[in-house]
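Q: Sequence:
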Amino acid sequence: MKKQNFFLKLFLIAIFPFFGILTLNAQNFPERPSPPKLVNDFSGILNSDEAKTLEEKLVKFNDSTSTQIAVVTLNDIEGMDKAEYAQRLAEKWGIGQKGKSNGILILIKPTGGKGQKQAYIAVGYGLEPVIPDAIAKRIVENEMIPNFKNNNFYKGIDKATNVLISLAKKEFTAAQYQKKYEKSAWLKYLPFIAIILIFLLLKIVGRAQKNINSRGSSLPFWTTLWLFSGSGGGSGGSGWGGGSSGDSGFGGFGGGSFGGGGAGGSW
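At the far end of the sequence shown sits residue 295, using the working numbering, and the numbering has no gaps.
Hints in this document: simulated from the structure, not taken from any laboratory. Check before you lean on any hint, since a few could be wrong.
Here are the computed lysine-lysine pairs in the PhoX-like style, where the Cα-Cα straight-line distance is at most 20 Å [what the hints assert, rightly or not]:
#1 K187 - K197
#2 K126 - K165
#3 K128 - K197
#4 K197 - K88
#5 K128 - K142
#6 K88 - K198
#7 K187 - K80
#8 K145 - K177
#9 K207 - K187
#10 K165 - K207
#11 K85 - K187
#12 K80 - K183
#13 K165 - K197
If you anchor each label on the Cβ, the simulated ranges turn out as follows [what the hints assert, rightly or not]:
#14 F200 - D91: 16 to 26 Å
#15 G279 - A203: 49 to 59 Å
#16 D161 - K126: 19 to 29 Å
#17 G277 - F70: 37 to 47 Å
#18 N179 - G107: 44 to 54 Å
#19 L230 - K142: 53 to 63 Å
#20 D91 - L230: 57 to 67 Å
#21 T201 - G283: 25 to 35 Å
The model shown is predicted, which means the values in this text are computed figures rather than measured ones. Here a beta-carbon is modelled for each residue, glycine too, at the ideal position from N, C-alpha and C.
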């Protein structure tokens, strides 16, 4: 009896991985949309105008380059890792062109508690040289998540797709995109720098006013400030710039392949 139990346990251990594979294959992936469309907002985070605007932009890009960027929002990814789910869904739908593998899938799961909401950009074989994993992650972290945290999903998707389009068209390189953010990272500290400078200026002017008063001058504070500014004129400022839609004319996915390229993040 003990020997039979031993062989039974051994048999169960041997076949357990096959049940795992069957379960994985049975995961509930949405079917390829019909009529075909690039923006598939199953979570309902976009209004009709936003979805239509994004769809028109992505269809126009597909028509002019054959590169396909699909957006999919889902409330549930079946307990799978976001990277695996995005890759498998992109393969199932065949995003991109066969032979070129020039497809991109932006997957968004906007539900869950803190740290459980997720976004991922899956990049087809053919686009991995121009959109490497590190840059895909930067796009998620720089363009998408900051806007998603404010529930501005349209802005996050719009900005991310703009960057992806420019990279795919080689309007700028991945290195140039990264350098841009390294240069502008200090701008978030600008308000604090301005406060410190104003505080120091007031302190200097206050001391100067005190010295002038001690010598018998009756110049008012703001006159003193005007004198220390170097002129009485104004100065100009400077700025820094930097399911969903219906039938949109999109002809359908072309059978592109994915091999694990991409990156994501959570919020």
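Q: All hints are to be evaluated individually against the structure, with a verdict given for each.
A: How the hints compare with the structure:
1. K187 - K197: 16 Å, holds
2. K126 - K165: Not OK: K126 and K165 at ~25 Å, beyond 20 Å, violated.
3. K128 - K197: 14 Å, holds
4. K197 - K88: 13 Å, holds
5. K128 - K142: Not OK: K128 and K142 at ~38 Å, beyond 20 Å, violated.
6. K88 - K198: Judged against 20 Å, a Cα distance of about 17 Å means the pair holds.
7. K187 - K80: 16 Å, holds
8. K145 - K177: 10 Å, holds
9. K207 - K187: 17 Å, holds
10. K165 - K207: Holds. K165 to K207 sits at ~14 Å (cutoff 20 Å).
11. K85 - K187: 12 Å, holds
12. K80 - K183: With Cα atoms ~14 Å apart, K80 and K183 stay inside 20 Å; holds.
13. K165 - K197: At roughly 19 Å apart (the allowed maximum being 20 Å), K197 and K165 satisfy the hint.
14. F200 - D91: 16 to 26 Å: 22 Å, holds
15. G279 - A203: 49 to 59 Å: 34 Å, violated
16. D161 - K126: 19 to 29 Å: Between D161 and K126, where Cβ atoms are some 23 Å apart, the hint holds.
17. G277 - F70: 37 to 47 Å: 21 Å, violated
18. N179 - G107: 44 to 54 Å: Since the Cβ atoms of N179 and G107 sit about 25 Å apart, the hinted range of 44 to 54 Å is violated.
19. L230 - K142: 53 to 63 Å: 40 Å, violated
20. D91 - L230: 57 to 67 Å: 59 Å, holds
21. T201 - G283: 25 to 35 Å: Cβ of T201 to Cβ of G283: about 28 Å, so the range 25 to 35 Å holds.
Of the numbered hints listed earlier, those contradicted by the structure are 2, 5, 15, 17, 18, 19.
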